[in-house]
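2 protein chains.
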Amino acid sequence: MDNFQLFNPVNIVFGKNTIGELPNLLKDKSNILFAYGGGSIKKNGVYQQIKTALSHKTVFEFAGIEANPDYDTLMKAVEICRKDNIDFILAVGGGSVIDGCKFIAHAAKYKGKNPWEILLGKPMKDAIPLGCILTLSATGSEMNTFSVISKRSTNEKKAFSSPLSFPKFSILDPSITFSLPERQVINGIIDPFVHVAEQYLTYDVNAPLQNRQSEAILKTLIEEGPKALKNPTNYDVRANLMWCATNALNGTIGKGVPQDWATHEIGHELTACFGLDHAQTLAVILPAVLKYEFAQKKKRLSHFGQVIFNIKANSDNKIAKSAIEKTENFFRSLGAKTRISEYKISKKALKPIPTQVIKTAGGKKLGEHMHIGEKEISEILDLAFEKY
Amino acid sequence: MDNFQLFNPVNIVFGKNTIGELPNLLKDKSNILFAYGGGSIKKNGVYQQIKTALSHKTVFEFAGIEANPDYDTLMKAVEICRKDNIDFILAVGGGSVIDGCKFIAHAAKYKGKNPWEILLGKPMKDAIPLGCILTLSATGSEMNTFSVISKRSTNEKKAFSSPLSFPKFSILDPSITFSLPERQVINGIIDPFVHVAEQYLTYDVNAPLQNRQSEAILKTLIEEGPKALKNPTNYDVRANLMWCATNALNGTIGKGVPQDWATHEIGHELTACFGLDHAQTLAVILPAVLKYEFAQKKKRLSHFGQVIFNIKANSDNKIAKSAIEKTENFFRSLGAKTRISEYKISKKALKPIPTQVIKTAGGKKLGEHMHIGEKEISEILDLAFEKY
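For the record, the sequence lines run as chains Z and C.
FYI, in this note's numbering the residues of the first sequence are 1 to 388.
FYI, in this note's numbering the residues of the second sequence are 1 to 388.
In isolation and in its complexed conformation, chain Z is listed as follows (with noise of 0.2 Å):
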């Protein structure tokens, strides 16, 4: 195992009606930007419930953060944070709401004149504390640093990530996400999947505890997320995805083992560039990663292969290979798309992602072995275009 650091002080607060919280969280706080996407917390009544229990604040709306939340959407809620004193910023969406109030909280204080310099790495000493209330499970960001913005401007898209971007507080009712469109109960499933995929798919280093923990989410997200396609409103099941999704990149599972980020930094220029959801991207890109990276990743997915799908064969090469499969067959079980070629992309059209990535990449290459450079993406790429 290799050492690690483990500091995580956000406050959950997890199950039904916990809006009704929100007055306690929010005690010693009086100006408040309360931040949302679209119009859909109007409709499930999240809206309402959150003026209600925010009716003793001075409280500024900032609607309209879009999915892959934009720069200039974004730098407009950060002239509002600085011009009506803002001491507390409530993100109320899912990933792309929370991300975009992370660095809104970062840019309302940063002193240079271009805040696009905090996605460029630039550590960041002050920040205005936030909290979230999510509607969308799937990111993880309602528990961790990580924030990925997008410049529709520049086709650019980058992540930061600052310990000041650890929200105070994230209030979880698994109800509020009864109402989600499929797409996106879709999106919720695979997105938590790629990212225990991302931190266990590597090599051995003789951390079972570690494994353990990733196929414990691994095994209820193929469990239970088909349920929740069936059954939009049980519960139980939306309960134990929201857990799934927060557990599955709050920072525990990959304490201590490899990890490999290559199909998130892949699947972000296709965002970037074509406007894919950011797990519409996963669903293609990983197991073209698997597929290429089969040697170094062998071991690992014949283990993986045997434990979450239950294969048996007489060499780590089959079980490695049908459990690639059998990972495609869960995501196209639950209606995503798993190769490029069946969106409306051009085999051409992808030429210049393999620059790109390594750019936003500042120059690294990729993977947990640091040899995924443009020439390996572009070959990722082309398995990730063949017909299914």
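Mixed in with the good hints, there may be bad ones.
Same chains, same names: a pair is fine if it fits in one copy or spans any two.
Using 30 Å as the maximum straight-line C-alpha spacing, the simulated DSS-like pairs for lysine-lysine come out as follows [stated by the list, open to error]: (1) Lys299 x Lys230; (2) Lys347 x Lys227; (3) Lys299 x Lys219; (4) Lys312 x Lys122; (5) Lys168 x Lys83; (6) Lys16 x Lys299; (7) Lys312 x Lys326; (8) Lys364 x Lys16; (9) Lys16 x Lys326; (10) Lys57 x Lys125; (11) Lys122 x Lys27; (12) Lys168 x Lys364; (13) Lys298 x Lys16; (14) Lys365 x Lys16; (15) Lys122 x Lys29; (16) Lys219 x Lys318.
Think of the hints as simulated: they come from the structure by calculation, not from any bench.
Based on the hints, put chain C in the right spot on chain Z.
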């Protein structure tokens, strides 16, 4: 799944040579109480490493915190804290030293005349911050708010929990545990095993992720425990056991599920009255509780038997019975005793225990169904006394 709150801000610094992080972690502290137990840290080099790391601080040493830390001992440290304006307590040891320091931290700030009242549930508003260097992994105290304190003058053993008890940091260097005596290694396997059992061997509330997270720890303890006894200096084995122990009682696996702390509550009294090690009491009481609560726990015991011990049989009844046997066998295979009668304790001496347990519990009955009273405890003790 039940509603829950999860908040755990302990900064875990895990791995080889991590004591070297101490100066960074104590940057803004000046008057430090360096508290430890017996002299083992002087033999394994830890004492000298700490002295070196703290060489620029004002350090007050307090040695001699015993196993099952005693109120009278701890009150001597409280005096030092008050007299010398201690602003940080560094607990170096296992659960006893850490639990003791949590009490010292609170008692030093206690305004009333009798700090024992902290153990009686008096809510606390202030405590000296503390950090830990773990030398014996078992209780999980390094990443939670719990503390169990003994009062030998009255044969009492009581627990308290306070958010102010969260260590600011805990340094976990598995190589420190290489030189532990065998008895403590055994205790360090059984204690976390029973911590998991008390949060897992209850009844189903449809929380498969938490169940699997529990099973992940149990499987790893069963796998790694015997290896630690055979090869005491195998780093990875020690690291895996240490990380299991922390995860067994850092709150995660028990979130949203019923819990049953009957084994601990009965066990504490056996320690208070007869001086048995904490884990020794758990090894004799858990099998008896499982037998006594067989009807209520049968379904979960059957699941546990299948997943953990791979038991195959044609009824829940048979599998559940076999699972209890295999649990006891596992404890015995490590070298632990599993019956009270294997210690020099007479049946007559057990007579006052049930009354004492319920008194310590503030008159409340025990177990996940809150139905274990004095009569039931007495019958559990009979089962625990039976010859193996």
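Checked hints:
| no. | hint | in the structure |
| --- | --- | --- |
| 1 | Lys299 x Lys230 | between (35 Å within a copy, 27 Å between copies) |
| 2 | Lys347 x Lys227 | neither (35 Å within a copy, 53 Å between copies) |
| 3 | Lys299 x Lys219 | both (19 Å within a copy, 21 Å between copies) |
| 4 | Lys312 x Lys122 | neither (49 Å within a copy, 58 Å between copies) |
| 5 | Lys168 x Lys83 | within (23 Å within a copy, 36 Å between copies) |
| 6 | Lys16 x Lys299 | between (42 Å within a copy, 27 Å between copies) |
| 7 | Lys312 x Lys326 | both (13 Å within a copy, 27 Å between copies) |
| 8 | Lys364 x Lys16 | between (44 Å within a copy, 28 Å between copies) |
| 9 | Lys16 x Lys326 | neither (34 Å within a copy, 38 Å between copies) |
| 10 | Lys57 x Lys125 | both (27 Å within a copy, 27 Å between copies) |
| 11 | Lys122 x Lys27 | between (32 Å within a copy, 24 Å between copies) |
| 12 | Lys168 x Lys364 | neither (33 Å within a copy, 35 Å between copies) |
| 13 | Lys298 x Lys16 | between (42 Å within a copy, 29 Å between copies) |
| 14 | Lys365 x Lys16 | between (44 Å within a copy, 28 Å between copies) |
| 15 | Lys122 x Lys29 | both (28 Å within a copy, 28 Å between copies) |
| 16 | Lys219 x Lys318 | both (21 Å within a copy, 26 Å between copies) |
Checked against the numbered hints listed earlier, the structure breaks hints 2, 4, 9 and 12; every other hint is satisfied.
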